[in-house]
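Fit chain U to the known structure of chain P by using the hints.
The residues making up each chain are set out below.
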Amino acid sequence: MSNEETLLASDLPLSEPQREILRTLIGSIIPASRDYGAPGADDPLIFKDILVTARSYTDMFEAGLEDIDQQAIRDHDGVGFAALSETDRRAMAEHLSRTLNPFLRTLVSITAQCYYRDDRVMQTLGMEPRPPFPKGFTIEEGDWTLLEPVRRRGKLYRDVDG
Amino acid sequence: MSNDPVDILIIGAGASGAALAWTLAETRMRIVCLEQGDWLNPAEYPSAGKDWESRQYSDFSISPNQRKRITDYPVNDQDSPISVANFNGVGGSTILYAGHYPRFHPSDFRVKTLDNVADDWPLDYTDLEPYYAENDKMMGVSGLAGDPAYPPKPAVMPPLPLGKSGQVLGKGFNAMGWHWWPSDSAIASTTYDGRDKCANLGACTVGCAQGAKASSDITYWPHAIRAGVEVRTRCRVREISVNENDMASGVTYYDVDGNEHFQAAEVVVLACNGVGTPRILLNSVSNRFPNGLANRNGLVGKNLMFHPYASIQGIFDQPLDGYMGPGNCIWSQQFYETDRSRDFVRGFTYEITRGRGPVATALTGMFSGRIPWGEEHHQRYRELFNQITGMVAICEDLPEPHNTVSLDPELKDSDGIPAPKITYKLSDNSRRMLDYAVDRGVEILEAAGATDVMTEAPIAVGGWHLMGTTRMGVDPEHSVVNEWGRSHDVRNLFVVDGSIFVTSAGVNPTRTIQALSLYIGDTMKKRLTTLFD
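These protein sequence lines map, in sequence, to chains P and U. Residue numbering for the first sequence follows the numbering used here, starting at 1 and increasing by one per position. Residue numbering for the second sequence follows the numbering used here, starting at 1 and increasing by one per position.
There could be a bad hint or two in this list.
In silico negatives: residues of chain P with every beta carbon more than 12 Å from chain U [stated by the list, open to error]:
#1 16
#2 18
#3 19
#4 23
#5 58
#6 63
#7 67
#8 73
#9 74
#10 78
#11 80
Derived pair list, reagent style EDC-like, types lysine to aspartate or glutamate, alpha-carbon separation capped at 16 Å [claimed, not checked]:
#12 112(U) - 20(P)
#13 171(U) - 148(P)
#14 171(U) - 143(P)
#15 50(U) - 148(P)
#16 50(U) - 119(P)
#17 48(P) - 51(U)
#18 112(U) - 337(U)
Covered stretches of chain U (chain P as the covering partner; in silico rule of three or more C-beta atoms under 8 Å from a C-beta of chain P) [said to hold, decoys possible]:
#19 35–48
#20 93–107
#21 162–169
#22 173–179
#23 203–217
#24 320–332
Since the hints were made in silico from the structure, they are not lab data. Ideal Cβ positions, reconstructed from N, Cα and C, are used throughout, including at glycine.
With the rest of the complex left out, here is chain P (with noise of 0.2 Å):
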């Protein structure tokens, strides 16, 4: 059993293809760090995240994928998308984010959604991998005598009277 079955649950939406093309672009999108210590969107836990939350759209990314993936057939001499070479990849990539249609504007969504709430990536911004609740933040007061020119100024309200 792969990794990949083992963390995904029968029910989740797309083909296998479907999937291999999902992976491979969102890696494309958010690719892991070796600088910053960061998975990439195509980590395993942040994948399943993806297609599950993805859940609701099923329709909208069968129809996207399928039309990356013939693009890639007919700019590619019939070699579709996740088969590209890097190169072909990245250049692919390039295009497709400076195209983004509504179903490529919700797959980065998703992908920015799910891959900021993951605790690794969280950690490598210097954030604690929790909720704001019940925690919650501390924020410095701040201060107060910046106000000094404002007072200085005096009324600016309009009088409605005489």
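Below, chain U alone, put in the same frame as chain P:
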């Protein structure tokens, strides 16, 4: 649940319905509030989970069309550049509002006299002042006394912290020589009336799990219920009935199982916001009111006002508050009043939006082309993360009869009740005001040290404020309700929400909606023996 006749029937448990129920409770009349939504459980608010930002796109979206809860009704806003934002439940849209809580100004009630536009209100700031004060105590308002943009007003609690973002932008305003002040906020900065103080969750607009934000489910309603008011949830009103004397006799509503009920009432009060209220009136068709209840002059649903919003956000090369802290921070009313040297009348408020969360940062950057796909994503993202702050400009919208709420001929809610349709065109005055606000906002951000500025005007999803569709006035030919909220046509029918606004001012409306509701309630109490005369 009994449908025995009640004295006062309030439709809607949001900002205005809660305030009215509370103030009328002391009369010992039998008061029932019908609310189509549920009680919310703060423990289930998004900020209690790491997916809190994602839920802004699903069950806690500001758009009923995206949220699609069974308790929502759809809104056809395809014919409007600004889409409707609301929430349905006990607390209404205060569940999701930011808690920005300005008062109107004295001039806002006199725009015809002062600027020869729209109409004066049939009451003024001094009429509302004691009700503002009463409401401030009930909701719990944080702020700093002495704002030169307002007549003197007390602060119930200390202001929310300036933080890094407020300091940076305060310096920017100072560099321009322009007004700014800590925002009045319906957020507790200290423990208050059983509520805990703000914990800087950074998630005010998806419901406050801390209970620091003053949504009316945790402010007015507990007091009103203890005083004897009954709230019935999952009760969706279809229409108001009238008798042969043009008096409201009660309402027909559907319960959670879709069963139809009739609730008789001596007085019916609409508190459903500037879209929901005209929707019910227009759905209440009878032989005596063939064009909708209280609509003999045809004004129900007309003069819809939003506040067109501009967003001006700067990227700085220093850490700011980012995902932490309440969104509310400081405001500026430097450009609030009419200045004849400009090419528009009336004005706007800048409200500083402190920062944004990690997901919002990514989407802002990726959709604006500032964060690319691929390996550079990470470095460019970190140049924006916790380094964005800026403002929105909330522009006064003037009433125009062609901006309307009507009934969609096809769209219906889950109970089969016709849904509202919005027809709205941004006026030339609003367009010019937005452009001016963007230009001045860019100057402020650059003076504050922004290295890059992002703008959007109008904010397409920014229809938070719904006003004007059953306007108040003394003349029955030119208004739907009188100067104390009573329908000109139906003498036991009242409206207490933002529908009755004559003009919109350039500030968030909730504080004024609630003060007006208290004012109307107090007037009703004083006139109990002559209420229908």
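Going through the hints against the structure:
Every Cβ of chain U is farther than 12 Å from the Cβ of residue 16(P); the closest lies at roughly 24 Å, confirming the non-interface assignment. Chain U leaves residue 18(P) outside its interface by the beta-carbon criterion, the shortest separation being 20 Å against a cut-off of 12 Å. Residue 19(P), annotated as away from the interface, keeps every beta carbon of chain U farther than 12 Å; the closest lies near 19 Å. Under the 12 Å C-beta cut-off, the non-interface status given to residue 23(P) relative to chain U holds; the minimum distance is some 15 Å.
Every CB of chain U lies more than 12 Å from the CB of residue 58(P), the least distance being 15 Å, so the non-interface label holds. No Cβ of chain U approaches the Cβ of residue 63(P) within 12 Å, the least distance being about 20 Å, so the stated non-interface status holds. Listed as outside the interface, residue 67(P) is consistent with that label: its C-beta sits roughly 17 Å from the nearest C-beta of chain U, beyond the 12 Å cut-off. Its beta-carbon lying about 21 Å from the closest one in chain U, residue 73(P) satisfies the requirement of being farther than 12 Å from that chain.
For residue 74(P), the shortest C-beta to C-beta distance to chain U comes to about 21 Å, beyond the 12 Å cut-off, and the non-interface label holds. Even its closest Cβ contact with chain U, about 25 Å, leaves residue 78(P) beyond 12 Å, as expected for a residue assigned away from the interface. With a least CB separation of 19 Å from chain U, residue 80(P) remains clear of the 12 Å interface cut-off, as annotated. Taking the CA atoms of residue 112(U) and residue 20(P), the gap is about 64 Å. The hint is violated against a cut of 16 Å.
Between residue 171(U) and residue 148(P), the direct Cα distance comes to roughly 11 Å. Compliance with the 16 Å bound is thereby established for this hinted pair. Restraint check: the Cα-Cα separation between residue 171(U) and residue 143(P) comes to about 10 Å, which is no more than 16 Å; the hinted pair holds. Restraint check for residue 50(U) and residue 148(P): the C-alpha separation of about 40 Å exceeds 16 Å, so the hint is violated. At roughly 9 Å between alpha-carbon atoms, residue 50(U) and residue 119(P) fall within 16 Å of each other, so this suggested pair holds.
For the hint linking residue 48(P) to residue 51(U), the alpha-carbon distance of about 14 Å falls within 16 Å, and the restraint holds. Of the supplied pair hints, the one linking residue 112(U) and residue 337(U) holds, its CA atoms being roughly 13 Å apart against a limit of 16 Å. Note: the region 35–48 of chain U has 3 residues with beta-carbon separation from chain P under 8 Å; the three-residue rule is met and the coverage holds. Counting residues of the region 93–107 of chain U whose CB lies closer than 8 Å to any CB of chain P gives 3, which reaches the minimum of 3, so the coverage claim holds.
A count of 5 residues in the region 162–169 of chain U with a Cβ less than 8 Å from any Cβ of chain P is obtained; the coverage claim is therefore met, three being the minimum. A stretch counts as covered by a chain when three or more of its residues have a beta carbon under 8 Å from one of that chain; for the region 173–179 of chain U and chain P the count is 4, and the coverage holds. Counting residues of the region 203–217 of chain U whose CB falls under 8 Å from any CB of chain P gives 3; the rule of at least 3 is met. Remark: the region 320–332 of chain U is confirmed as covered by chain P, as 4 of its residues place a Cβ nearer than 8 Å to a Cβ of that chain, reaching the required three.
When each numbered hint is compared with the structure, violations occur for hints 12 and 15.
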